[in-house]
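Here the protein sequences line up with chains G and B, keeping their order.
Anchor point for the first sequence: position 266 equals 266 in this note's numbering, and the numbering is continuous, going up by one each time.
The number in this note's numbering is simply the position in the second sequence, starting from 1, with 329 added.
Note that these hints are calculated values from the structure, not bench results.
Bear in mind the structure is a predicted one, so any value in this text is a computation, not a measurement.
Be a bit skeptical, because a hint or two may be false.
As the list claims (entries may be wrong) - Below, in silico cross-link-like pairs of lysine to any residue (SDA-like), each with a Cα-Cα straight-line distance of 25 Å or less: (1) G:Lys60 - B:Gln387; (2) B:Lys389 - G:Arg225; (3) G:Lys103 - B:Arg600; (4) G:Lys252 - B:His606; (5) B:Lys432 - B:Gly464; (6) G:Lys220 - G:Asp234; (7) G:Lys101 - G:Lys318; (8) G:Lys103 - B:Ser416; (9) G:Lys88 - B:Ser358; (10) G:Lys88 - B:Thr346; (11) G:Lys88 - B:Ala427; (12) B:Lys432 - B:Ala337; (13) G:Lys252 - G:Arg225; (14) G:Lys318 - G:Ile328; (15) G:Lys101 - B:Lys417; (16) G:Lys35 - G:Gly12; (17) B:Lys581 - B:Asp563; (18) B:Lys362 - B:Asp335; (19) G:Lys60 - B:Tyr366; (20) B:Lys360 - B:Gln387; (21) G:Lys31 - B:Gly418; (22) B:Lys364 - B:Val339.
Number of protein chains: 2
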Amino acid sequence: MTKLTDVARVAGVSATTVSRVINNYGSLSEKTKQKVYAAMRELNYQPNSLARSLQGKQTKLIGVIFSGVSNPFFGEMVEELENQLFSKGYRVILCNAADDKAKERDYLRMLMANQVDGIIAGAHNLGIEEYHQVGLPIISFDRYLSDNIPIVSSDNYRGGQAAGEALLAARVQHPVIITGQQQPNSPTNQRLSGYQAVLSAKDVALDQWTLAFGMSPTLKMMRIRQLLTTHQPDGIFCTDDLTALLVLQAAKQLNIAVPQALKVIGYDGTRFIQAYHPELTTIMQPITDIVTLMVELLLQRIADPDCQLETSYTLPIKVITGTSTAAIS
Amino acid sequence: MTKLTDVARVAGVSATTVSRVINNYGSLSEKTKQKVYAAMRELNYQPNSLARSLQGKQTKLIGVIFSGVSNPFFGEMVEELENQLFSKGYRVILCNAADDKAKERDYLRMLMANQVDGIIAGAHNLGIEEYHQVGLPIISFDRYLSDNIPIVSSDNYRGGQAAGEALLAARVQHPVIITGQQQPNSPTNQRLSGYQAVLSAKDVALDQWTLAFGMSPTLKMMRIRQLLTTHQPDGIFCTDDLTALLVLQAAKQLNIAVPQALKVIGYDGTRFIQAYHPELTTIMQPITDIVTLMVELLLQRIADPDCQLETSYTLPIKVITGTSTAAIS
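Please model the entire structure based on the sequences and the hints provided.
Structure representation (structure tokens):
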């Protein structure tokens, strides 16, 4: 078995330095870190997790990697994850990866290195090579990470269809879809595909606007006002609710009446949106069911690392109908 | 030094059972747990934390106890805590205590028992005796926990004053304050005191409604509609923004024009509220500064457990003025 001292030898540094890199402790140059990471990759070194699994020792810690908890959707999901994992005797290490690939990678290394029994991953930074190498049970929310990491999603294709159907049922003729940046292999792209299929079946043209997930609300707002002024759509499907709130706000500022002149539909349907914005029609992802399934699958993998799981699990969505898509006769 | 086996002897159980209780592992009866906890208290047993501090070993883990991250205020605070602690080489164990005293107590025991260097505590369950006994560095957000635990707050008294001043400046004559349940020693009570002082200086009567922090938005909404219908206030100060959003929603449903017939002011002023509800006048707590100070104090205590810190630290608030309190001429 590869040892810490082997990594030190290959990297040309001391064992203490390797330990510090793994534990992200003390001040170290980026160059030194890169040398150690390269050696770890070369030797496929997975420090304590392997040692631990040989000893059969569990830490009862789960790493939970999301883009951040200030977004109510992820806030509710992480809160539910914490509740369910706590009731199973596990604690959560919270890892906010923001839109920061380097931070997600650092976290992944740390989690591999020293202390978790498994990982729930739901951040937006796709294509991180380390996910292919992690020697720990991982379950992914709504993102492709690696062939052997199961994905739990809600039915994004059906959600997109339902949004398109709601707009067409409200007699919209010039709808626009506002999406985040499309990433290869991202299940959320299916929202666009489902929506598009419904529109093309009725010969309605696709008009798509892209606003990056990480763009500030102020900039998004500026772009949305521009869109409303120049394109004059009579319906908008936003693939997340927060963007839909900005559309409602912009429409109010520009004296565009919702739903009379403009229908608006969002996506996610958190408890927050249902309580504080009941006027917004939205597609609800079943957060509690998603979390229950992710926790169940993760605990199966922890109990038996070789257990066979499906590649992906898809849960049904629900349409929550508010007044923002009401047909006006 | 007290050992695990001493706890086992006093509790009349095996050492394995004590270990399981400490690590919240396996199925154990409530009676067994209580026996072990009683023995731990009697012997003032602080398992690994003491052993660890004798060895000078740090885990680089910080326990962060809040009521939950689905509330945007706590979501933003926990996200900022995670960011700042990560940049200092620490990871966060997320502990959602909800309104659940027993869960907060369990977490505290687990954190004491096995693996954190310190705790940031911001949950709402006051008077937990265990906080008096914890042998770890703790910093509290906005709550009295124990004489030797520093409290970091923003200026709740000044915030309450500013809210009262804003309502009176908008020529409100029959204002109502909606607060959560008042707890003894809670710094947030100062919001009420500051507000009350401003009103009584102008001989305006105090009218106070209480809606418990944990009440569901649906029930809160029902109570607020009742209040608006029966009391017909011309101004409302809510001591949190989410309740203020419900007031705006209820006013809209009841055709009460804001700000013409009703001025509304909230409290907290998160990035979320500023971006998605710019119409709401609110008192902003400086989340980033609060977190910076809490992290700085915690790291001081970790570096030197005997360092002298103040009992409380108060940071200034800011008034964010929206249209919801605009004076109509």
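Structure-based check of each hint:
no. : hint                : in the structure
1   : G:Lys60 - B:Gln387  : holds, 18 Å
2   : B:Lys389 - G:Arg225 : violated, 46 Å
3   : G:Lys103 - B:Arg600 : holds, 23 Å
4   : G:Lys252 - B:His606 : holds, 12 Å
5   : B:Lys432 - B:Gly464 : holds, 19 Å
6   : G:Lys220 - G:Asp234 : holds, 19 Å
7   : G:Lys101 - G:Lys318 : violated, 32 Å
8   : G:Lys103 - B:Ser416 : holds, 10 Å
9   : G:Lys88 - B:Ser358  : holds, 15 Å
10  : G:Lys88 - B:Thr346  : holds, 17 Å
11  : G:Lys88 - B:Ala427  : holds, 17 Å
12  : B:Lys432 - B:Ala337 : holds, 23 Å
13  : G:Lys252 - G:Arg225 : holds, 10 Å
14  : G:Lys318 - G:Ile328 : holds, 23 Å
15  : G:Lys101 - B:Lys417 : holds, 18 Å
16  : G:Lys35 - G:Gly12   : holds, 8 Å
17  : B:Lys581 - B:Asp563 : holds, 14 Å
18  : B:Lys362 - B:Asp335 : holds, 16 Å
19  : G:Lys60 - B:Tyr366  : holds, 20 Å
20  : B:Lys360 - B:Gln387 : violated, 33 Å
21  : G:Lys31 - B:Gly418  : holds, 18 Å
22  : B:Lys364 - B:Val339 : holds, 9 Å
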